[in-house]
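Enquirer: So the sequence shown is numbered by the working numbering: it starts at 25 and just counts up by one.
Just so you know, the hints here were simulated from the structure itself, not pulled from any lab data. One should not assume that every hint holds.
When the alpha-carbon atoms are kept at most 27 Å apart in a straight line, the in silico DSS-like pairs for lysine-lysine are as follows [to be verified]:
| id | residue 1 | residue 2 |
| --- | --- | --- |
| 1 | LYS87 | LYS122 |
| 2 | LYS109 | LYS87 |
| 3 | LYS52 | LYS109 |
Distance windows between CB atoms, simulated [to be verified]:
| id | residue 1 | residue 2 | range |
| --- | --- | --- | --- |
| 4 | LYS52 | THR136 | 15 to 21 Å |
| 5 | GLY132 | GLN25 | 16 to 22 Å |
| 6 | ASP123 | LEU69 | 16 to 22 Å |
| 7 | GLU68 | SER110 | 27 to 33 Å |
| 8 | LEU69 | LYS122 | 16 to 22 Å |
| 9 | SER107 | THR127 | 17 to 23 Å |
| 10 | SER110 | GLN25 | 15 to 21 Å |
| 11 | LEU71 | GLY40 | 37 to 43 Å |
| 12 | SER54 | SER31 | 29 to 35 Å |
| 13 | GLU68 | GLY32 | 22 to 28 Å |
| 14 | GLY39 | SER77 | 19 to 25 Å |
| 15 | LYS52 | GLY88 | 16 to 22 Å |
Computed from a predicted structure; not experimentally measured. Ideal placement from N, C-alpha and C gives every residue a C-beta, glycine not left out.
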Amino acid sequence: QVQLVESGGGLAQPGGSLTLSCQVSGSKISSARVGWYRQAPGNELELVTFMTSVNSYYLDSVKGRFAISGSDAENMVYLQMSSPKSEDTAVYYCNLAKDDYNTFWGQGIQVTVSS
């Protein structure tokens, strides 16, 4: 059974930094597409970033500020958020996709950017 558990959310100051972590069990991140989505109040779920063994993607509004990384040894995925903005406030979800038909989600974690 694949499980994803996020941690590290909370309050971040504009211009500061925050790192989200996602512990994955039941599937190796090295053989899947892993990423982060977010949903702000009143907005649809949007893809923030993902990575595979050969490529990565970033939402335009986070390019140069956010970075996704992973640890094969620990089977963890990270989202480093630098210089967050108020518009980055949302619930963030870790995602693992083995293929188009087998995707798994974490429970979500709140990130609030405010001074």
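Enquirer: Decide, hint by hint, whether the structure agrees.
Expert: Hints and how they fare:
{"no.": "1", "hint": "LYS87 to LYS122", "result": "holds, 25 Å"}
{"no.": "2", "hint": "LYS109 to LYS87", "result": "holds, 13 Å"}
{"no.": "3", "hint": "LYS52 to LYS109", "result": "violated, 32 Å"}
{"no.": "4", "hint": "LYS52 to THR136: 15 to 21 Å", "result": "violated, 32 Å"}
{"no.": "5", "hint": "GLY132 to GLN25: 16 to 22 Å", "result": "holds, 19 Å"}
{"no.": "6", "hint": "ASP123 to LEU69: 16 to 22 Å", "result": "holds, 20 Å"}
{"no.": "7", "hint": "GLU68 to SER110: 27 to 33 Å", "result": "violated, 19 Å"}
{"no.": "8", "hint": "LEU69 to LYS122: 16 to 22 Å", "result": "holds, 19 Å"}
{"no.": "9", "hint": "SER107 to THR127: 17 to 23 Å", "result": "violated, 30 Å"}
{"no.": "10", "hint": "SER110 to GLN25: 15 to 21 Å", "result": "violated, 37 Å"}
{"no.": "11", "hint": "LEU71 to GLY40: 37 to 43 Å", "result": "violated, 24 Å"}
{"no.": "12", "hint": "SER54 to SER31: 29 to 35 Å", "result": "violated, 21 Å"}
{"no.": "13", "hint": "GLU68 to GLY32: 22 to 28 Å", "result": "holds, 24 Å"}
{"no.": "14", "hint": "GLY39 to SER77: 19 to 25 Å", "result": "violated, 33 Å"}
{"no.": "15", "hint": "LYS52 to GLY88: 16 to 22 Å", "result": "violated, 29 Å"}
Consistency with the previously given hints fails for numbers 3, 4, 7, 9, 10, 11, 12, 14 and 15, ordered from lowest to highest.
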